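*Asks:* Let chain A serve as the given structure and place chains B, C and D on it in line with the hints.
The listed protein sequences correspond, in order, to chains A, B, C and D. Letter by letter, the first sequence follows residues 1 to 349 in this note's numbering. Letter by letter, the second sequence follows residues 350 to 698 in this note's numbering. Letter by letter, the third sequence follows residues 699 to 1047 in this note's numbering. Letter by letter, the fourth sequence follows residues 1048 to 1396 in this note's numbering.
Hints were generated in silico from the structure; no laboratory data involved. Note that this is a predicted model, so its numbers are computed, not measured. Where a beta carbon is used, it is the ideal one built from N, C-alpha and C, also for glycine. Incorrect hints may appear among the rest.
To be verified - Per label pair, the in silico range of CB-to-CB distance:
no., chain 1, residue 1, chain 2, residue 2, range
1, A, SER313, C, ALA780, 18 to 28 Å
2, C, ALA780, A, ARG311, 26 to 36 Å
3, D, PRO1331, C, ALA886, 49 to 59 Å
4, C, ALA886, D, GLN1355, 36 to 46 Å
5, B, PRO363, A, ASP324, 20 to 30 Å
6, C, ALA886, D, GLU1062, 33 to 43 Å
7, A, ALA124, C, LYS978, 17 to 27 Å
8, C, GLU918, A, TYR310, 32 to 42 Å
9, A, ASN252, B, ALA626, 56 to 66 Å
10, D, GLU1062, C, GLY864, 45 to 55 Å
11, A, THR315, C, LYS978, 29 to 39 Å
12, D, PRO1331, C, ALA780, 58 to 68 Å
Stated by the list, open to error - Derived list of chain D stretches under chain A, where covered just means 3 residues or more per stretch with a C-beta under 8 Å from a C-beta of chain A:
no., segment
13, 1113 to 1123
14, 1271 to 1283
What the hints assert, rightly or not - Partner residues aside, some chain D positions facing chain C, computed with beta carbon under 7 Å:
no., residue
15, ASN1055
16, ALA1059
17, VAL1068
18, ASN1071
19, ALA1075
20, ALA1105
21, THR1108
22, THR1251
23, ALA1256
24, LEU1257
25, PHE1288
There are 4 protein chains.
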Amino acid sequence: MIDYRSDNTGRAAPEILDALVRANEGTALGYGADEWTARLQERFSELFETQVRVFPVATGTAANALSLASLAPSWGLVFCNAAAHINTAEANAAGFFGGGLKLAPVAGEHGKVDAGEFARALAAFPPGQLHRGEPAAVNLTQATDLGAVYRFDEVRAVVDVARARGLKVHMDGARVANALARLQCSPADLTWRAGVDILSFGATKNGGALCDAIVVFSPELADRLAIQLRRAGQVWSKMRFASAQLMAYIENGLWLRLATRSNAAAARIAGGIAGIASLKLVAPVEANEIFLELPPGAMDALEADGFQFYRRSATLARFVCRFDVTDAEADALVAALKRHCALPAKAAE
Amino acid sequence: MIDYRSDNTGRAAPEILDALVRANEGTALGYGADEWTARLQERFSELFETQVRVFPVATGTAANALSLASLAPSWGLVFCNAAAHINTAEANAAGFFGGGLKLAPVAGEHGKVDAGEFARALAAFPPGQLHRGEPAAVNLTQATDLGAVYRFDEVRAVVDVARARGLKVHMDGARVANALARLQCSPADLTWRAGVDILSFGATKNGGALCDAIVVFSPELADRLAIQLRRAGQVWSKMRFASAQLMAYIENGLWLRLATRSNAAAARIAGGIAGIASLKLVAPVEANEIFLELPPGAMDALEADGFQFYRRSATLARFVCRFDVTDAEADALVAALKRHCALPAKAAE
Amino acid sequence: MIDYRSDNTGRAAPEILDALVRANEGTALGYGADEWTARLQERFSELFETQVRVFPVATGTAANALSLASLAPSWGLVFCNAAAHINTAEANAAGFFGGGLKLAPVAGEHGKVDAGEFARALAAFPPGQLHRGEPAAVNLTQATDLGAVYRFDEVRAVVDVARARGLKVHMDGARVANALARLQCSPADLTWRAGVDILSFGATKNGGALCDAIVVFSPELADRLAIQLRRAGQVWSKMRFASAQLMAYIENGLWLRLATRSNAAAARIAGGIAGIASLKLVAPVEANEIFLELPPGAMDALEADGFQFYRRSATLARFVCRFDVTDAEADALVAALKRHCALPAKAAE
Amino acid sequence: MIDYRSDNTGRAAPEILDALVRANEGTALGYGADEWTARLQERFSELFETQVRVFPVATGTAANALSLASLAPSWGLVFCNAAAHINTAEANAAGFFGGGLKLAPVAGEHGKVDAGEFARALAAFPPGQLHRGEPAAVNLTQATDLGAVYRFDEVRAVVDVARARGLKVHMDGARVANALARLQCSPADLTWRAGVDILSFGATKNGGALCDAIVVFSPELADRLAIQLRRAGQVWSKMRFASAQLMAYIENGLWLRLATRSNAAAARIAGGIAGIASLKLVAPVEANEIFLELPPGAMDALEADGFQFYRRSATLARFVCRFDVTDAEADALVAALKRHCALPAKAAE
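Extracted from the complex, chain A is given alone in its bound form:
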């Protein structure tokens, strides 16, 4: 079996678990008042080249929903692409933590919020109207839920529209390491320098184990988020075990090395199948995910060959590369795709 189901089916990077185990010495104050969590603030502030507040949380859903709840009043609207994870896969956690805040889908290619469409959507909410709720924030998933990556100017264009109306900006960075590895820019450039107020900092999908984080760039958001996290049950009493994981994750660029590997595997597969007429990519492969429209029967055949992946519809398959996918595994998928999908295309000649 070769597993392309998800990046959360994979192992954790050993460095991260080692750090967790090493944190198991002596006593330390609970609920984040420990030295590890204090150091975490420093490390992330260095990493992002500005003073940030970083809050470890158990899951990306918690990171997203609590971030959005900190940006929007309960009568607020959060704009996002229809394909965004917050809209399709978190059981409306944002609406729950936000006391009824509403997600407002905006069109855009490849899972991105299109700045022009966003501006048009906002125009339907004239300032002062009460009936439709209050536009409050916009969500960018970076990398997107279709495997594409916002370029810096694309982020900036969305931010400009948001700022012109006083909206805040959330980046769902479940795969932010993959985006950074792709863009080769600094974490600061991709986030607060581009206008992002708050970031869901994903680690789990990229070799993490039991925590992600929220990184707050706008200081006025942090104190109320802290108390929300407390009552959201997201503040571990033995927080050091989470903070230690996150420090190991970014130490010496581990996170970017891991993402570079998973990106490379996806690129290798995408490169291998380029030019096969019967295979249609739904979005450019810019991170570690491949969304492929496949000909009839191909999915059954791939599964019969031992490949694991998700069926998003009768014809759409998703393949996700983890950091530890080998070249051989990538090549095996390419070969299988050629075997099962290229032939019909030839037959059509």
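*Replies:* For chains B, C and D alone, coordinates are given in the frame of chain A:
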């Protein structure tokens, strides 16, 4: 420094971290659809001698608040002792997850809900009235937040009152291992056989690291809890790392051995100071916590000697024993208490 | 000025205010325990030919949001047409009262939920999945927010899809009188006999003053709705003044006579402009609303002539007929529309 | 039957219904954009001698819960007397609208928050702690739920404690007219000049019909309250019918005349029974309510005589005077109380 601040300042039991590290092999489906989590269901069902559903969660607050939200409608009332953790220390997480459910304090000694007081409180809510909300559940903290342990008949008396009015029963078992170690009864006897519907199963305070659990005895509660947990951001995508911890925690009675040790340390201290007139225990020492009323100046003196503990008021100190408190540390506290507190009592003679 | 802005800009029917004033005698128990409210239950049960529970509420938003919250868990999804009032104009009250429940737009012509599209949408939620929330209910706006009326078989088709998956059915009847007047069917046929579980019974837009109502056909919903209304601040202590209005509203068919008049005015206008090429109806005029795409400049010209109406976009105007629109007013609008809009069409010849 | 059950069992003042009926002319914009509601802002600003925002709402529960939700974050604590209506009789509407905010009872005589007790309660919440929630506001019920009236200096003392910690102040004025009539001070002095931020302005209990109001003194609260009201279903589309009632209520001092009458009736009864040893007032009779501890059998005897009232416990009866209680009715109650209660006392001599 000798640390009696909390049982969450302590280390994790090495067996638990070992298990976590061992789970880091191969790929596994996310969100609890893995083999570890499947085995967890079996192990806990064996442990509790009935078919249970067990959901790992990040924190005790999440366990409590989501348990209560599964028992009560948003207009429900949950009765508890005024000293209960859910009432004093979780930033009203129960009210938040419960959509506005309300905690209704009930009097009782040593942090316990007194069955008679509970019955009197319920009598003020005649069936059919709408103005005061709907009595929905009762919460028992076992061991209590003052370090006492409900005896079996005390649990049963509260349950009987609850059942007579159709209320559900939640046990906050942040220190359930300590209670079991004290009572020497089976997990089943203490919980579902006594009428408990849902249990916050604590591990963190007793040598755990990053997870507690919810154990559901009433099957009709489980499915809706599962989806609530999903959108509460409490379902790890790499759940195996949580499930592995919990299995190690109960394997070969580890949890009870750990609790036996911390209970013994507390008992050793309580025994050592018995008979000192100037020291007043707020509740019997039946688990791993000691609540002491101290004479003026004693707390400063203890801190000067290097003891760490919490001041609950100007005169009330809390000392908590972890599983790894040594006899020497216990004896040192006894000696210091005698030194600083016994003398004034003598002087007063 | 001739006012076509909304049916809520209009007067109340005098019969309704007379009844309110007549209720001002003697004392009566509060919060709905009065004789008027008891009689209201009887009258509505007769009207709907089944035992119903009817709850007066202050507004249609309260009726809709609390109805939906009674049908769906807080993790539930409520399907509706994208144009539905609950989706576009109530500041996400449903999400608020529902604790984060989510509206899921479904395509369909003229503001209707299309049964086929609804079935396709539901197919994306396989039973047992947790990530996307739980399909819980469907909302039908009758008459629709574009002025069309669901035929009986159209309601039934949507209900069939809903029932096959265990979903409940809510009808937003802000203009249910207009729909009934159009369809000439019984209230029972349009609602519970067609499978509707709960109805927002509108009165305000059709000559009412200060209350609408919720009519509950599924008895198991009523008790918990009663307590939700209490804490939603929707239970008047002097309920008799609301109940008296609602009884007068339905007495001797007043409500249907009022709706027949406003429908007739709209039909007269629609008939008068039929065949004008430059005027495009967005939906058939089946109730008391007319949605017209107008040529450039026409809206300014109409306003200059003293007509009041709402601009839904740069080219889309909405004209709403109240029960007291006169034939002369209707004819004046027809004449003005011909004057300002027909000419360009002629010029184009 | 003579009805002392509640002030909400009574009639509306005819002036109020007359105004409602007179508002039924012409068309007017919906949702409060009408001339009546604009004039209401002016009249209330004159009445309170400062620029206020006034929002008509359907019920006192809505006024209280939405006021508190505007003062406190969802993790906030609102201090109040244990007997406060918000704590005992609104099905925890404050917790619901406040997204889980928590009421924190404070001791005090006669239903009042005692400033000293309040300060002591606050001291248990050191700034910066997260575990217990965030103290956010204090609620004063004026007149209290036991029929007493806060004197100006008592309000001020509570406000001083609140302000020293940055808390906001809400006054539940369900019977604010009775308090004003008692204190003979200006509405401004009793409210914003004393430090009140927001007022639930009761009308229903004092001759109103279908609306109360929220009066906002702190302008920064008003805009977000406006949108909360919209989605709370508390913004009538035909708002003029509510605004007209409220204007009539305060016009030419009607509200104070009505309250003076009900206060006088209560005072007449209290005076009539003064000195009867077997009757014990729970609080001084300073508004229109009388809470009496009665000897055994007295309540049955009173009911047999045709008096209606509420039994608050086996021995505590509540008698409420409406504005239209006659002297004869008051004297009849006095006579009956003497008949049934004074005799046993004599007999005991």
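*Asks:* Could you run down the list of hints and mark each one as holding or not?
*Replies:* Hints and how they fare:
One distance hint, 18 to 28 Å for the beta-carbon pair SER313 (chain A) and ALA780 (chain C), holds here, with the actual separation near 22 Å. A hinted range of 26 to 36 Å for the beta carbons of ALA780 (chain C) and ARG311 (chain A) is consistent with their spacing of about 27 Å. Separation of PRO1331 (chain D) from ALA886 (chain C) is about 57 Å and conforms to the stated range, judged on CB atoms against 49 to 59 Å. Range check, ALA886 (chain C) to GLN1355 (chain D): Cβ separation about 39 Å, and the 36 to 46 Å hint holds.
Taken as a hint, the range 20 to 30 Å holds for the pair PRO363 (chain B) and ASP324 (chain A), whose Cβ atoms sit roughly 27 Å apart. The hinted window of 33 to 43 Å between ALA886 (chain C) and GLU1062 (chain D) holds, with their beta carbons roughly 42 Å apart. Distance hint for ALA124 (chain A) and LYS978 (chain C): a CB-CB separation of about 21 Å, consistent with the stated range 17 to 27 Å. For the pair GLU918 (chain C) and TYR310 (chain A), the beta carbons lie near 38 Å from each other, so the given range of 32 to 42 Å is met.
Distance hint check for ASN252 (chain A) and ALA626 (chain B): the Cβ-Cβ separation is about 60 Å, which falls inside the suggested range of 56 to 66 Å. Between GLU1062 (chain D) and GLY864 (chain C) the Cβ separation comes to about 53 Å, which falls inside the hinted range of 45 to 55 Å. Roughly 37 Å separates the CB atoms of THR315 (chain A) and LYS978 (chain C), a value that falls within the hinted 29 to 39 Å. Range check, PRO1331 (chain D) to ALA780 (chain C): about 60 Å between beta-carbon atoms, so the 58 to 68 Å window is met.
With 3 residues having a beta carbon nearer than 8 Å to a beta carbon of chain A, the segment 1113 to 1123 of chain D meets the requirement of three or more and the stated coverage holds. Residues of the segment 1271 to 1283 of chain D with a Cβ under 8 Å from some Cβ of chain A number 7, which satisfies the need for three, so the listed coverage holds. Look at ASN1055 (chain D): its Cβ gets to within about 4 Å of chain C, closer than 7 Å, so that hint holds up. Because the closest C-beta pair between ALA1059 (chain D) and chain C is about 5 Å apart, less than 7 Å, the hint holds.
Contact between VAL1068 (chain D) and chain C, as hinted, is supported at the beta carbon level, the nearest pair being about 5 Å apart and thus within 7 Å. Given the 7 Å rule on beta carbons, the hint for ASN1071 (chain D) holds: about 5 Å separates it from the nearest Cβ of chain C. The criterion of a C-beta within 7 Å of any C-beta in chain C is met by ALA1075 (chain D), whose closest approach is roughly 6 Å, and the hint holds. Hint on ALA1105 (chain D) holds. Least Cβ distance to chain C is approximately 4 Å, under the 7 Å limit.
Contact between THR1108 (chain D) and chain C, as hinted, is supported at the beta carbon level, the nearest pair being about 4 Å apart and thus within 7 Å. The interface hint given for THR1251 (chain D) is met, as the beta carbon of that residue sits about 6 Å from the closest beta carbon of chain C, less than 7 Å. Nearest Cβ of chain C to the Cβ of ALA1256 (chain D): about 5 Å, under the 7 Å cut. The hint holds. For LEU1257 (chain D), the shortest C-beta to C-beta distance to chain C is roughly 5 Å, which falls under 7 Å, so the interface hint holds.
With a least beta-carbon distance of about 5 Å to chain C, the hint placing PHE1288 (chain D) at the interface is held under the 7 Å criterion.
Hint check: no violations occur; every hint is consistent with the structure.
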